[in-house]
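**Q** What follows is the residue order along each chain.
Protein chains: 2
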Amino acid sequence: MFPAPDIDVHSEVPIYRQVFQQLKDSISAGRLPKGSRLPATRELAGLLGLNRTTISAAYEMLESEGLISGQVGRGSFVTGGTHTETRGIDWKALLTPGASAPPPSAASREAISFASSRPSELLFPTDEFRLSCEEVIGGAGVASILQLGSPGGYSPLRQRLIAEARHEGVMGPGDDLIVTSGCQQALDLLQRALVRPGDTVAVEDPVYPGVKNLFLGAGAHLTGVRMGPDGIDLDDLRRVLERERPKLLIVTPDFQNPTGATMPAVSRKELVQMARAAGVALIENGSYSDLRYEGHPIPAIKTEDTILLRSYSKIAFPGLRVGWAIGPHAVIARMIEAKQLSDLHTDQLSQAVLLRFAESGRLEAHRQRILKAGAEKLRAVLSACERHLPEESMFTRPQGGMNLWVRLPEPLDAGELLMRAQRDNVTYLPGRYFTVSRPDPGGLRLSFAGLTVELIRAGVSILGEIFRGELERTLSARSLEPAPALV
Amino acid sequence: MFPAPDIDVHSEVPIYRQVFQQLKDSISAGRLPKGSRLPATRELAGLLGLNRTTISAAYEMLESEGLISGQVGRGSFVTGGTHTETRGIDWKALLTPGASAPPPSAASREAISFASSRPSELLFPTDEFRLSCEEVIGGAGVASILQLGSPGGYSPLRQRLIAEARHEGVMGPGDDLIVTSGCQQALDLLQRALVRPGDTVAVEDPVYPGVKNLFLGAGAHLTGVRMGPDGIDLDDLRRVLERERPKLLIVTPDFQNPTGATMPAVSRKELVQMARAAGVALIENGSYSDLRYEGHPIPAIKTEDTILLRSYSKIAFPGLRVGWAIGPHAVIARMIEAKQLSDLHTDQLSQAVLLRFAESGRLEAHRQRILKAGAEKLRAVLSACERHLPEESMFTRPQGGMNLWVRLPEPLDAGELLMRAQRDNVTYLPGRYFTVSRPDPGGLRLSFAGLTVELIRAGVSILGEIFRGELERTLSARSLEPAPALV
Chain X
0 MFPAPDIDVH SEVPIYRQVF QQLKDSISAG RLPKGSRLPA TRELAGLLGL NRTTISAAYE
60 MLESEGLISG QVGRGSFVTG GTHTETRGID WKALLTPGAS APPPSAASRE AISFASSRPS
120 ELLFPTDEFR LSCEEVIGGA GVASILQLGS PGGYSPLRQR LIAEARHEGV MGPGDDLIVT
180 SGCQQALDLL QRALVRPGDT VAVEDPVYPG VKNLFLGAGA HLTGVRMGPD GIDLDDLRRV
240 LERERPKLLI VTPDFQNPTG ATMPAVSRKE LVQMARAAGV ALIENGSYSD LRYEGHPIPA
300 IKTEDTILLR SYSKIAFPGL RVGWAIGPHA VIARMIEAKQ LSDLHTDQLS QAVLLRFAES
360 GRLEAHRQRI LKAGAEKLRA VLSACERHLP EESMFTRPQG GMNLWVRLPE PLDAGELLMR
420 AQRDNVTYLP GRYFTVSRPD PGGLRLSFAG LTVELIRAGV SILGEIFRGE LERTLSARSL
480 EPAPALV
Chain U
0 MFPAPDIDVH SEVPIYRQVF QQLKDSISAG RLPKGSRLPA TRELAGLLGL NRTTISAAYE
60 MLESEGLISG QVGRGSFVTG GTHTETRGID WKALLTPGAS APPPSAASRE AISFASSRPS
120 ELLFPTDEFR LSCEEVIGGA GVASILQLGS PGGYSPLRQR LIAEARHEGV MGPGDDLIVT
180 SGCQQALDLL QRALVRPGDT VAVEDPVYPG VKNLFLGAGA HLTGVRMGPD GIDLDDLRRV
240 LERERPKLLI VTPDFQNPTG ATMPAVSRKE LVQMARAAGV ALIENGSYSD LRYEGHPIPA
300 IKTEDTILLR SYSKIAFPGL RVGWAIGPHA VIARMIEAKQ LSDLHTDQLS QAVLLRFAES
360 GRLEAHRQRI LKAGAEKLRA VLSACERHLP EESMFTRPQG GMNLWVRLPE PLDAGELLMR
420 AQRDNVTYLP GRYFTVSRPD PGGLRLSFAG LTVELIRAGV SILGEIFRGE LERTLSARSL
480 EPAPALV
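As given, the protein sequences belong to chains X and U, one line each in that order.
Start counting the first sequence at 0; every next residue gets the next number (numbering that gives the first Met the number 0).
Start counting the second sequence at 0; every next residue gets the next number (numbering that gives the first Met the number 0).
Keep in mind that the hints were calculated from the coordinates and are not lab data.
Note that this is a predicted model, so its numbers are computed, not measured.
Where hints are given, some of them may not hold.
[To be verified] Okay, derived cross-link-like pairs now, SDA-like style, lysine to any residue, Cα gap no bigger than 25 Å in a straight line: (1) X:Lys371 <-> U:Pro96; (2) U:Lys91 <-> X:Thr199; (3) X:Lys91 <-> U:Pro96; (4) X:Lys91 <-> U:Gln146; (5) X:Lys246 <-> U:Pro96; (6) X:Lys91 <-> U:Met273; (7) X:Lys91 <-> X:Ser35; (8) U:Lys23 <-> U:Leu94; (9) U:Lys246 <-> X:Pro196; (10) X:Lys91 <-> X:Gln20.
[Claimed, not checked] If you only want the chain U side, here are some residues facing chain X, beta carbon under 7 Å, derived: (11) Leu94; (12) Asn212; (13) Pro327; (14) Val330; (15) Ala332; (16) Ser341.
Even for Gly, the Cβ is constructed at its ideal location relative to N, Cα and C.
Work out the full structure, taking the sequences as your base and the hints as a guide.
**A** See below:
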């Protein structure tokens with residue numbers, strides 16, 4: 000099989016150079032042996048969602064290094080370059096099969112980036128953070144924070160989280176709580192506790208890559224449940240539960256990533272009943288729940304039959320990795336075991352600082368500020384989409400969170416158009432990173448929370464211009480095509 | 000199969016109560032169905048390394064609750080207690096098979112604990128830590144520390160670690176570096192990158208539970224290589240490499256945990272050649288290397304064919320989870336992918352604070368102080384062992400690190416004697432936590448770094464008294480036994 004290059008659109012390395020380097024590596028490593036035929040530039044461009052000239056530039060570099068040679072009418076062939084490994088260990092051969100590469104976690108600083116679902120640095124309350132930090136390091140307990148800790152979590156933080164969860168009604172007598180290094184680790188520990196290779200895991204479709212790649216990497220069979228305007232589509236879920244009998248079902252009921260959709264209370268009740276009847280382990284990702292900018296909050300799903308994940312990353316500081324999971328004793332006990340094997344315990348300095356940030360009331364004050372700012376950003380992105388996107392586009396209308404989902408009209412391909420957008424200094428993540436079993440070439444995620452209102456407007460305006468221009472171009476090109484012969 | 004209780008010797012819950020509760024749980028959950036026979040008290044006591052009276056106390060409690068019933072000459076039988084689950088989801092049935100439970104990570108505060116391989120809180124330079132923290136949070140870069148970071152590590156720290164590694168000669172042109180949440184996570188990421196279920200992984204025997212349980216949990220077949228006074232036994236390793244063809248070999252060449260043994264330079268060279276010839280991936284755990292109290296430092300094994308793990312946990316603060324791995328590009332790239340799926344990235348506050356602690360020179364000043372204190376503790380534990388342990392005991396003589404290994408003379412069983420020691424307020428970890436394929440009932444680990452010289456002396460003196468007393472008792476009991484009849 001042809002080893003297709005894996006392109007990082009956010010890298011500082013130009014894309015043609017990435018294609019060149021990766022093909023060169025494949026030739027040196029013998030994955031593209033002498034005599035093998037490279038795909039045509041058009042074909043590879045299509046495969047990678049890139050411009051054909053990008054591929055041609057990469058092929059020219061390979062040719063100039065004597066690694067491939069083009070033959071008119073036949074294509075390009077590998078002519079050399081394979082060298083025998085002089086090293087003792089062939090590390091690449093030892094690697095386990097990798098999951099598909101996750102999208103880059105941070106975008107380049109100069110661009111207007113809609114690519115990362117994260118808060119804005121400009122809103123970080125650095126003075127309040129410093130105060131919390133100083134109070135922690137000035138306190139008497141500092142030596143115990145520096146000492147080896149407990150895999151279940153830093154006890155004072157854990158106690159506070161338990162008290163809050165009981166007060167909110169999301170922690171019953173059969174439940175326990177574990178502090179994790181963010182919500183991503185909670186999912187990883189659940190994967191270790193509950194999933195064996197070959198098990199079926201049902202996720203939302205589209206879903207964010209952190210879920211998708213984690214369970215694929217664990218050897219699970221992923222099945223996607225269609226997302227609608229009211230969150231996960233219960234009719235589709237019913238079919239999936241009946242036909243595929245998944246072991247796990249992971250749902251983000253509030254401001255789902257990437258669609259921004261929220262499940263109404265009545266669907267949540269029905270979801271719990273369906274999951275219970277099917278004997279499927281229901282995991283509720285609540286990492287965005289505290290970020291509602293409009294409308295009324297809807298209680299968490301959490302019952303004695305579900306596991307709830309929460310995190311400080313979205314409402315405080317993602318650079319401090321602290322989240323938690325609440326669920327049945329037996330599951331949390333196994334997660335604690337897995338946690339000890341993963342990394343012993345969560346960093347205690349950050350646990351202590353976030354505890355202080357919360358118990359001092361600074362967290363809630365900060366949350367009120369980001370809710371206010373978030374409401375403005377949400378209005379800005381929605382009205383900019385309304386104004387600038389091609390008329391036939393569809394986009395979701397979230398009431399909170401950090402993301403919305405756009406579907407461009409056919410034949411636009413959000414993956415292909417990304418290169419063009421990046422040339423104009425705007426970036427986003429196209430649908431392919433999120434789809435599970437329903438390719439959605441027109442889909443893309445706009446993560447708006449990290450940007451200012453001004454940049455949101457400017458960015459969507461630039462995107463709108465590119466998308467509208469491309470739509471006009473393709474439609475006029477089509478109208479110029481000769482009508483197909485009827486006979 | 001009988002569901003043997005899993006006892007936590009460090010718990011505040013009395014052991015007979017733990018046995019009672021776990022058997023009760025097994026009965027309720029139907030794992031011990033009505034009519035099934037419990038093991039005889041003597042049998043279960045032997046299995047768990049506990050006193051027979053402990054088991055009897057637990058059985059009496061079960062009987063008083065009407066859950067079991069004893070029949071003279073036949074044993075104890077389950078008489079009731081199974082109740083049907085009213086909950087919708089049987090979470091226990093959904094769990095993947097767990098690894099054997101790791102030993103508890105922290106001991107109770109009152110006891111003299113030789114159980115945990117960690118530094119002493121009394122030596123933590125809290126003022127220097129506070130200064131480093133204040134310098135970080137007072138700096139201009141604080142917002143970028145709080146923002147989502149890179150899975151490879153906080154860039155300023157990563158750059159410093161790379162420069163240091165190059166300077167030390169442990170990072171070649173083909174190598175890259177990833178910052179991890181401590182050394183344990185580096186091992187976990189390597190497990191994800193390199194190990195498939197059924198792969199053979201060679202480890203030292205005895206080895207610390209964090210290695211053993213991690214790879215067992217990943218479905219690997221573990222094979223133990225005998226430890227000698229000079230570290231891993233190369234003759235035994237040769238046999239293992241030939242017969243078992245492991246994919247990975249994990250070695251701690253300096254002050255190995257639990258034995259404290261160090262490999263001489265000449266064995267390290269031979270080890271590398273053997274690993275290379277066998278095509279096995281050699282992983283060097285260097286977490287204790289900077290803790291040499293006596294003798295001359297021996298250069299790290301690290302070649303272009305190996306992976307080196309390092310950590311701040313042993314020389315600074317284990318509560319701040321920061322370690323790193325250096326190895327071939329392809330492996331580090333895969334570890335970075337796995338890191339992103341595990342927990343996105345390592346906590347940035349701790350990375351920044353430890354960077355400041357290191358670059359300010361405070362880390363090196365602290366290291367000099369713990370080397371001085373460590374030398375005193377090492378002398379204290381060795382002379383106390385010399386003085387107090389039964390004459391026929393053997394123990395290792397490390398030149399650094401945090402641990403030494405004791406082997407009590409036959410027929411003493413370190414697991415059985417632990418209960419007695421705990422009654423006298425001294426605790427340690429018996430050999431069963433560390434053995435891979437060579438049971439060593441007389442073996443135990445003494446972790447001395449976390450204790451003061453006074454407590455080391457007091458603790459070993461108490462242990463010596465118990466061990467000598469037990470040895471005298473068993474020997475005199477033997478001499479009273481009637482000689483076996485010859486015909």
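**Q** Now look at each hint and say whether the structure bears it out.
**A** Hints, one by one, checked against the model:
1. X:Lys371 <-> U:Pro96: violated, 47 Å
2. U:Lys91 <-> X:Thr199: Holds, because 18 Å separates the two Cα atoms, which is no more than 25 Å.
3. X:Lys91 <-> U:Pro96: Violated: Lys91 of chain X and Pro96 of chain U sit about 30 Å apart, past 25 Å.
4. X:Lys91 <-> U:Gln146: With Cα atoms ~33 Å apart, Lys91 of chain X and Gln146 of chain U exceed 25 Å; violated.
5. X:Lys246 <-> U:Pro96: OK: Lys246 of chain X and Pro96 of chain U at ~15 Å, within 25 Å.
6. X:Lys91 <-> U:Met273: holds, 20 Å
7. X:Lys91 <-> X:Ser35: Distance of about 21 Å is within 25 Å: holds.
8. U:Lys23 <-> U:Leu94: holds, 20 Å
9. U:Lys246 <-> X:Pro196: With a Cα-Cα distance of about 21 Å, the restraint between Lys246 of chain U and Pro196 of chain X holds, given a limit of 25 Å.
10. X:Lys91 <-> X:Gln20: This hinted pair holds, its Cα atoms lying about 16 Å apart.
11. Leu94: Since chain X brings a Cβ to about 5 Å from Leu94 of chain U, closer than 7 Å, the hint holds.
12. Asn212: Given a least distance of 6 Å, the restraint on Asn212 of chain U holds.
13. Pro327: Given a least distance of 5 Å, the restraint on Pro327 of chain U holds.
14. Val330: holds, 5 Å
15. Ala332: violated, 9 Å
16. Ser341: At about 5 Å, which falls below the 7 Å cut-off, the nearest Cβ of chain X leaves the hint on Ser341 of chain U intact, so it holds.
Violated hints, listed in ascending order, are 1, 3, 4, 15; each of the other numbered hints is respected by the structure.
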